[in-house]
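Asker: The primary structure of each chain is shown beneath.
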Amino acid sequence: MGRYIVRRSLLSLPLLLVISFFAFALSHLSPLDPAEAVLQAQGVPQITAELLAATRAELGMDRPLLIRYFAWLGACLQLDFGKSYVTGKPVWSLLGPAFLHTLKLTLASMTAIIVLSIALGVICALRQGKLLDRSVRGISFFLTSVPSYGLAALLIWCFSVKLDWLPTSGMESHASYVLPVAVMTISYAGIYFRIVRSSMLSQLHEDYVLYGRACGLPERRITARMIRNSLQVAVSVFCMALPIILGSTVVVENVFAWPGLGTLTVNSILGRDFPVIQAYVLVLAAAFVLLNTASDIIQAAINPKLQKEL
Amino acid sequence: MTNILEVSDLRIWDSDTGHVIVPGSSFQVRQGSCLAIVGESGSGKSVTCRAVMRLNKASIRQSGSIRFDGVDVSELSEQDMRKLRGKRMCMILQHGMRAFDPSRVIGVHLRETLKQHYGWSRSESDASMVMAMRSVMLKDPAAILNQYPHQLSGGMLQRIMIALAIVLEPDMIIADEPTTALDTISQFEVVEQLAQLRDRLGCAMILVSHDLGIVRTMADEVIVMKAGVIVERGATEAIFSEARHAYTRYLVSSKLALDRHFQRMMEGVGGGVAER
Amino acid sequence: MKLIQQLWKDKLAALSLTVIGAIVIAGIFAPFLAPHDPEEVHMELRFAPASWEYLLGNDHLGRCILSRLIYGIRPSVLYVFAALAASVCIGALLGFAAGYFRGKTDAVVMRVCDVMLSFPGYVMSLAVIGMLGAGLENILIAFVLMKWAWFARVIRASVLQYAESDYVKFSKALGLSHIRIMAKHIVPVALPDIAVISSSSFGTMILQVSGFSFLGLGIQAPHAEWGMMLSEARAVMFSRPELMLAPGLAIVIVVSSMNFLSDALQVALDPKLKSRRVSQPGAAASAEALTR
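Residue numbers (the numbering used here), protein chains in the order written: chain P, 28 to 337; chain C, 16 to 291; chain R, 4 to 295.
Just chain P, with the same shape it has in the complex (with noise of 0.2 Å):
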């Protein structure tokens, strides 16, 4: 086990190295000169030749590409993501926290997803084609076509401003948790569930099953094995899921002024702050690999048969 978690772990390493160059190059692929975006975003009313190249000197932008690319990843890895454009601030202050709140956001809505999903999956498997089942998949569906905005705005209008129940934007309290929840959830809870349900769904067929009854045992046991059984790709879905939901928060913390990394990089875009984008760009991509390889680990522990394929 502790040599795959140490080859697949390496694995990951020139991902990471891809990742950071193409963060890097970020800027460059605007079609704005990176020094007149930077002047750009201060303000400054009259550009003129001088000071493009009195900012490219500043910013160091005269050396050679590579040089460059080493620097700006040294500074990476000692989280020294730059100045943001706009505030002037170190980038991290602000990626930081934000950062902070969304993994709040999304833990607390993985942990609903995982619970809904996995309930609700295993009952309608076990009373497929009853009324339960189909109209969970009925209602599960359609939410699924709503988009979580939408969704968002009518669970504002009715919490929170008709019945008053619940606050409408902002991180102040538990309270406020509760809407944002809601709404990843019933957003991403249809598509797991699913998956959950055609899993179970599939080990009802198995020959485990058939034999486990031929041998006497009681259906719970049996039942609790199917679970088991299923689990293991629920685990691997679940494990892949995670950041993707970290990555798609980025309208509903619109919608619920949740000061977090979605809210920060709408921001930026709008103003042009590329540091900050890049610095976005390159934490969670980063994140998502290395999320994505302790998936990987955590899917090889449950199931042996897979550290034999790397």
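Treat the hints as calculated values from the structure; they're not laboratory data.
Quantities reported herein were computed from a predicted structural model and do not represent experimental measurements.
Take the hints with a grain of salt, since some may be wrong.
With a cut-off of at most 27 Å between alpha-carbon atoms, the simulated BS3-like pairs for lysine-lysine come out as follows [stated by the list, open to error]:
hint, chain 1, residue 1, chain 2, residue 2
1, C, Lys102, C, Lys72
2, P, Lys157, R, Lys14
3, R, Lys12, P, Lys157
4, C, Lys102, C, Lys130
5, C, Lys72, P, Lys157
Covered by chain P, according to a simulated footprint, are these stretches of chain C (three or more residues, beta-carbon under 8 Å) [stated by the list, open to error]:
hint, segment
6, 62-76
7, 96-103
8, 106-112
9, 116-124
10, 127-135
With beta-carbon atoms standing in for the labels, derived distance ranges [as the list claims (entries may be wrong)]:
hint, chain 1, residue 1, chain 2, residue 2, range
11, P, Arg247, R, Gln164, 38 to 44 Å
12, P, Gly115, R, Leu58, 49 to 55 Å
13, P, Lys116, R, Leu272, 51 to 57 Å
14, C, Ser80, P, Gly156, 24 to 30 Å
15, P, Gly156, R, Ile256, 26 to 32 Å
16, C, Tyr163, R, Gln223, 55 to 61 Å
17, R, Ser168, P, Leu158, 43 to 49 Å
C-beta: ideal position from N, C-alpha, C; glycine also.
Could you slot chains C and R onto chain P? The hints should help.
Answerer: Okay, now just chains C and R, sitting in the frame of chain P:
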């Protein structure tokens, strides 16, 4: 000799599609004897066996009477049926690898089953299983108990199922194509073990197979099924030498033709192989 | 086509097909169908309720909501479809090349796809938009860039299984040119798979593109687009929540029709799924959503 199993007018149909799988069959198994059910894939052999133990999936319905040791099991509640399964009637499946929970070691299923029927502790059930596994020629049984199904071969897993049957001591064993998924050498070993099992326990056996060679070795009586209908029944030798139904003759002759061809080929290599 | 006939038998699929067909036609012929100019401001009619002249009422700038809805079909549905088509074409080209020629071509294409797919899609789209700036074209470019790798991989898998078949080998032995073989033998059989994959992605893409517009990163005012209409309606949500109804319902109807259609397509193409125990709405959509 009394019948351990009497099936009358067993009718099996799929409630989803309305398709009738078995229109109505009746057969008996005498105590201690071996009945072989023979036929091609899809002839309804496995469905019939599962129906006897009431293990078909929910959409498959059955009607008719199934008297096991005098009791009509089609009338029993699920709870009572569960008490019969394993203890009084046992099943051996075709694919050993799939019969066990892939996420746990073999020992888990064996211990749970023995605990369910005998209430034994872990050490007690392990001890019995180890003895039984030795008697089916499995080497190093204690280690096997701690292995996953995918780490063991098909033949070993079949023998583990037979070992479990030895410990459970049922009155009737249903072996559903026990050798079909095995290579020839393993087939030979498993057939040997099955025969020994019968001798040891004196139990009845229903052997489902489309391999006529094994049928000829093990069975006392044979019924031939085609498309869910029993087209012929009788003592083994009678079926093989004087089959009345065209289908049976076709099955037997195909097998004999293969055997003769094989013999001719083997004779060319120097020395014939005695026909089983 | 036989396929459409088969689909027509399933009433729900037929309904979805009709709905989507109607919406597409309405979008194409928007200038003829919309009762008013979608950008015409009538400040005196702000928040007016539904009337005979303005069937769905007016928004916060007095513009006709129905007209904006109809004109909004273009960016919300039609342009997204164009982006989807572009992405599928690129993916198909590379997928075919990889699956058919295999060997080095396959290895190279798959490595590139692996790298592209290990980037979180949403994050990368934001990155591209961040670099190129807000605007509908940039969102669509971002989507095409993100999605092609997934299509390439799935199409390659589909092509691989057909490229192995005997009739392809015979054709190669006969000396037919590769293009002819692909066109005659592989494309017709791979097309249904491609159709299923694309249709299941379409719903998600519509949701994501309108999501970006909602955030203000997409189409810019005063153009009409459903996500943006929702964003504008949100500003007055507390006083006039009914403004969110029209664009919200439009999105829900289109996306769910698309999902129904995609599932019906999948069932029609793979008879095994027809049996009651396996078929479930959203199977294709959920499989796709996993890799969003």
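Asker: Each of the hints needs a verdict: does it hold here or not?
Answerer: Consistency of the hints with the structure:
1. C:Lys102 to C:Lys72: holds (21 Å)
2. P:Lys157 to R:Lys14: holds (22 Å)
3. R:Lys12 to P:Lys157: holds (24 Å)
4. C:Lys102 to C:Lys130: holds (12 Å)
5. C:Lys72 to P:Lys157: The given pair, whose Cα atoms are some 16 Å apart, holds under the 27 Å limit.
6. 62-76: holds (count 4)
7. 96-103: Three-residue rule met by the segment 96-103 of chain C, so holds; n is 6.
8. 106-112: Holds: 3 residues of the segment 106-112 of chain C have a Cβ under 8 Å from chain P.
9. 116-124: Per the Cβ count (5), the hint holds.
10. 127-135: holds (count 4)
11. P:Arg247 to R:Gln164: 38 to 44 Å: Holds - the Cβ-Cβ distance for Arg247 (chain P) and Gln164 (chain R), about 41 Å, lies within 38 to 44 Å.
12. P:Gly115 to R:Leu58: 49 to 55 Å: Once the Cβ atoms are compared, 51 Å apart, the range 49 to 55 Å for Leu58 (chain R) and Gly115 (chain P) holds.
13. P:Lys116 to R:Leu272: 51 to 57 Å: holds (55 Å)
14. C:Ser80 to P:Gly156: 24 to 30 Å: Taking Cβ atoms as reference, Ser80 (chain C) and Gly156 (chain P) lie about 29 Å apart, which means the hint holds.
15. P:Gly156 to R:Ile256: 26 to 32 Å: Because 28 Å falls inside the window, the suggested range holds.
16. C:Tyr163 to R:Gln223: 55 to 61 Å: Holds - the Cβ-Cβ distance for Tyr163 (chain C) and Gln223 (chain R), about 59 Å, lies within 55 to 61 Å.
17. R:Ser168 to P:Leu158: 43 to 49 Å: holds (45 Å)
When held up to the earlier numbered hints, the structure conflicts with none and fits them all.
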